[in-house]
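Visitor: In case you want the letters, here they are:
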Amino acid sequence: MVKIMAAKSELLPGTLDMLILKTLTRAPMHGYGIALSIKRVSDDVLKVEEGSLYPALQRLLLQGWVKAEWKMTETNRRARYYTLTAAGRKQLGLELTQFGQMIGAIARVLQDA
Amino acid sequence: MEWLNRMLRKFGFFAKREQANRELEEEMRFHREQAERALRAEGAPAQEAHYKVARAFGNEARLGDESHGLTSFWFESVGQDIRFAARQLRKNPGFAATAVLILTLGIGAGVTIFSFVDAALIQPLPYKEPSRLVILHESNTLGPHFHLSYLDYLDYLHRNTVFQSLDVYGTFGFMLQTPTGPQPADGASVSAGFFRTLGVAPILGRDFRPGEDQPAAPRVALISYAAWQRRFGGRKDVLGQTAVLDSHPTTIIGVLPRSFHFAPAEPSDFWATERPDGDCEKNRGCHNLVGAARLRPGVSFGAALADAERIGVQLAQQYPDDDHGRGATMMPLTEAVLGNVRPLLLVLLTGAMLLLLIAAINVASLLLVRSERRKREMAVRGALGASRTRLIRQFVTEGIVLAISAGVLGTALAGVAMHLLLGLFPADVLATMPYFQQISLNPRVLTFAALVALVAGIVFSLLPALRVLLADLREGLTEGVRGSSGLVWRRFGSNLVVLELTVAVVLLVGAGLLGKSFYRLLRVDIGFVPEHVATLQVSGTANTYGTAPQQISFFRQLGARLATLPGVRSVAFASQLPIGDGDGSGNFRIVGQVWPSDHNEVLIRDISAGYFSTFETRLLRGRYFADDEDTSRQRVVVINQQMAKTYFPGEDPLGKQIYLEGSPKEAMEIVGVVDDIQEGQPDAAAQSGMYRPLNQNPDNPNDGFAVALRTAQNEDSVLSSATMAIHSVDSGLAVFDPVTMTQRMHDSPSASLHRSSAFLVGGFAGLALLLSVVGLYGVVAYSVSQRTREIGVRMALGAQRSAVYGLILREAGWLAAVGIGAGLICSVAATVLLRKLLFRVSSWDVPTLAAVAIVLAVAALLASYLPARRAASVNPTEALHAE
Chain A
1 MVKIMAAKSE LLPGTLDMLI LKTLTRAPMH GYGIALSIKR VSDDVLKVEE GSLYPALQRL
61 LLQGWVKAEW KMTETNRRAR YYTLTAAGRK QLGLELTQFG QMIGAIARVL QDA
Chain B
1 MEWLNRMLRK FGFFAKREQA NRELEEEMRF HREQAERALR AEGAPAQEAH YKVARAFGNE
61 ARLGDESHGL TSFWFESVGQ DIRFAARQLR KNPGFAATAV LILTLGIGAG VTIFSFVDAA
121 LIQPLPYKEP SRLVILHESN TLGPHFHLSY LDYLDYLHRN TVFQSLDVYG TFGFMLQTPT
181 GPQPADGASV SAGFFRTLGV APILGRDFRP GEDQPAAPRV ALISYAAWQR RFGGRKDVLG
241 QTAVLDSHPT TIIGVLPRSF HFAPAEPSDF WATERPDGDC EKNRGCHNLV GAARLRPGVS
301 FGAALADAER IGVQLAQQYP DDDHGRGATM MPLTEAVLGN VRPLLLVLLT GAMLLLLIAA
361 INVASLLLVR SERRKREMAV RGALGASRTR LIRQFVTEGI VLAISAGVLG TALAGVAMHL
421 LLGLFPADVL ATMPYFQQIS LNPRVLTFAA LVALVAGIVF SLLPALRVLL ADLREGLTEG
481 VRGSSGLVWR RFGSNLVVLE LTVAVVLLVG AGLLGKSFYR LLRVDIGFVP EHVATLQVSG
541 TANTYGTAPQ QISFFRQLGA RLATLPGVRS VAFASQLPIG DGDGSGNFRI VGQVWPSDHN
601 EVLIRDISAG YFSTFETRLL RGRYFADDED TSRQRVVVIN QQMAKTYFPG EDPLGKQIYL
661 EGSPKEAMEI VGVVDDIQEG QPDAAAQSGM YRPLNQNPDN PNDGFAVALR TAQNEDSVLS
721 SATMAIHSVD SGLAVFDPVT MTQRMHDSPS ASLHRSSAFL VGGFAGLALL LSVVGLYGVV
781 AYSVSQRTRE IGVRMALGAQ RSAVYGLILR EAGWLAAVGI GAGLICSVAA TVLLRKLLFR
841 VSSWDVPTLA AVAIVLAVAA LLASYLPARR AASVNPTEAL HAE
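Going line by line, the protein sequences match chains A and B. All residue numbers for the first sequence refer to the working numbering, where the first residue is 1 and numbers rise by one. All residue numbers for the second sequence refer to the working numbering, where the first residue is 1 and numbers rise by one.
In case anyone wonders, no lab produced these hints; they're calculated from the structure. All C-beta atoms in this analysis are idealised placements derived from N, C-alpha and C, irrespective of residue type, glycine included. Don't take each hint at face value.
Part of the chain B face toward chain A, derived, beta carbon under 7 Å [stated by the list, open to error]:
#1 9
#2 31
#3 844
#4 845
Each pair of labels, with its calculated beta carbon distance range [to be verified]:
#5 A:72 to B:455: 37 to 43 Å
#6 B:33 to A:104: 39 to 45 Å
#7 B:462 to A:72: 51 to 57 Å
Output of the computed footprint for chain B on chain A, the stretches with three or more beta carbons under 8 Å from beta carbons of chain B [as the list claims (entries may be wrong)]:
#8 21-34
#9 98-110
Could you build all of it, start to finish, from the sequences and the hints given here?
Guide: Structure representation (structure tokens):
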């Protein structure tokens, strides 16, 4: 099993919130699902530390960008599902724009060099 | 709006925080289970999967804390901290009790003394613009603060250009007619504008009207608030009532405010008018009044003094018979009110603050030792996920809990102590310090207490917190308690102990000097033997004993009656008793010397023939006078040594003729020279004085005289029988102030001031000694406990027990030596503050300095001997095996 441990520490600051919000656009998910989804979609490159995930989720809840409710999973376990709110969707758009601008800027710098 | 929503959401979380915590826990548990299941599905053994997940998850407690921290309010964890701090302090009651007790004592002392300082020096005096009020005295050859005569007052009043108003007061009290006969009542006579000058208005009734102090006006008086309550039950119908003061029916027209006091004339129940028709008032040479003036706006004290001095010079030239050698002196009223307590209070405040400092240092040391001991605890808590800020906050909370409890207890202690302290002063002396009657835990005092507690809290929380901040937490785990861990503390703690010892030396030196002053004061040569002397004051209002023979016969009869009392060995009468205010003087000239010579002001006492033998005063030359030396014989006088030295230097005064100014025909022959009897306060310098036979200068007993009785044994027991004996001779006389001479000295204002300062600073110094020695013990004991292993190694390598003793004692000795040395240097500087309170002791008193150094050195030796003995009895094998 190849571990790309480096990836987690190089997660750009502030991007975790954006990744969570983006993941939640697909469907309401529980915390484990979010972590799993980010890992899968990024082909195991991005591994979300549980240690940052839950504080981040609390933060998003507090900002009102996500809602949480307890539901049953397919395996009939109780789990807390997070849903994107309208404010969260707006915030995601904002962050994506900013992120795009930054990536573009970085890319331009790198091309020049 | 967004922040509002967020705030509301936060409140929502807060309201349901129990639930939120449970949910977070459940959520994370779910996460772990899912992850474990996934790992097992990949084929990992159950146990391994569990650990792997746990590791990946990290510190769950900290995680919970972090998530929680986002959604929680800061005060939630503060609440936890306080609960934890209280638990910590409860768990270690010895530490908590010691720290709180020490700090309570320190804060209690500080707040108590501050309440006195506040009452006297911070609260404004109860007058309008007190800074513009001054007291006007006249100086004479005896000193700067003597009375004005009424006629002099009128001249100052009319000639000055600097006073907005000038009034006078005289403080001779009254004989008040009561159903049980005349009784002395405290009181003062003032000119009609006196209260307007002070800017004080009665709370009931009215002030004197201009002109109500003139002979034609009906006699009226104001009363103090206290007298209104005490004598008239606080009834409103007091207005219009009549009090018979010195046989004059006087109508009460007003009550002064409760807050009003005028220390130079206190205690005073009745404030009557000073009228120009009295015998004394018509005589420019009869000085009985003090001026109180309000400066015109914009006139400086210096300018006013210059103007008053100008008038003084004019008067001396214009009326040489009465005012030659006199001049005007002035002082701010605040100085007259507070002059004698200010240095005392400043010394006490300094002492209390130093004690507080020592107490704070001691508690800080305790906290530091504890933080050292808790290093491990901190390391463990850190490892278990407590963040550094949280750890520091824990110390801060503990420090604040400590400071607040000590602050509250200390303030309560002060509330009790301030009233106990007032008890140090005799009632008579306290009455002259009326501002202390308002002493209380007022908002200013409470603010002070809060400030002290706040500063203490900050210091106590920052010190240990600083340790956490500076130290690497992991060190605490790996290192255990061995090695250099205590080094920082030891160095810091040592410095603190040196500081403590220094402060203790300063306080001890102060206490030593004040104690020595007090001792000297009590043993000062007063020129008579005060033991076994009983004294009484007698006065009356009746219209009896109008002629000199009647007066002489009264005193002979009373003397014979008193002499028969059991236990009485001799009887004396005098116009005034020794250890008084040192007032009562006149000017004399020497027959045959060319006038004008100097203006020779000396104390004058008229005494009965038995006076000197009753007081056992040493006769230096010549003879005492006899009872049969009356007006039919050559006038004689006995002078004291000071007068002989001052006015007859290198001559034999015996046989010289002198006379009082204004009575050149009544020349007196000096027949004797006696030791200087201290007529003023015990700490006053000796003054020239003359003693005339009562029988040649008879006075009406109703005008007041003093009785002194020398007894065989207990002088206390004669006081009541003497009172009855006086009443048996004349039941119309009032007998008051029965007191033994030793008590009179003990209760004298100067003895009270010296005693209270010596006692208080002594108390502070005692506590400081105790605390600093305990502090030294703590440092040495801690150092020994840290060096147990080192000592074990030394002993295993062959060090003798004596060498170990030496090792520890040297360390302690060094600290003590530095502390004591620094303390001695500081005390020499600090005692400058004391100079005004010292009596016949220089602030450089070597014996005191040496004694303090020895006391502290011995105490330090004892404090370090115990830990040294423990160190020396270390078993090398055990010490090496330990840890």
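Visitor: Now look at each hint and say whether the structure bears it out.
Guide: Status of each hint after checking the structure:
no., hint, verdict
1, 9, "holds, 6 Å"
2, 31, "holds, 4 Å"
3, 844, "violated, 69 Å"
4, 845, "violated, 70 Å"
5, A:72 to B:455: 37 to 43 Å, "violated, 59 Å"
6, B:33 to A:104: 39 to 45 Å, "holds, 42 Å"
7, B:462 to A:72: 51 to 57 Å, "holds, 53 Å"
8, 21-34, "holds (count 3)"
9, 98-110, "violated (count 0)"
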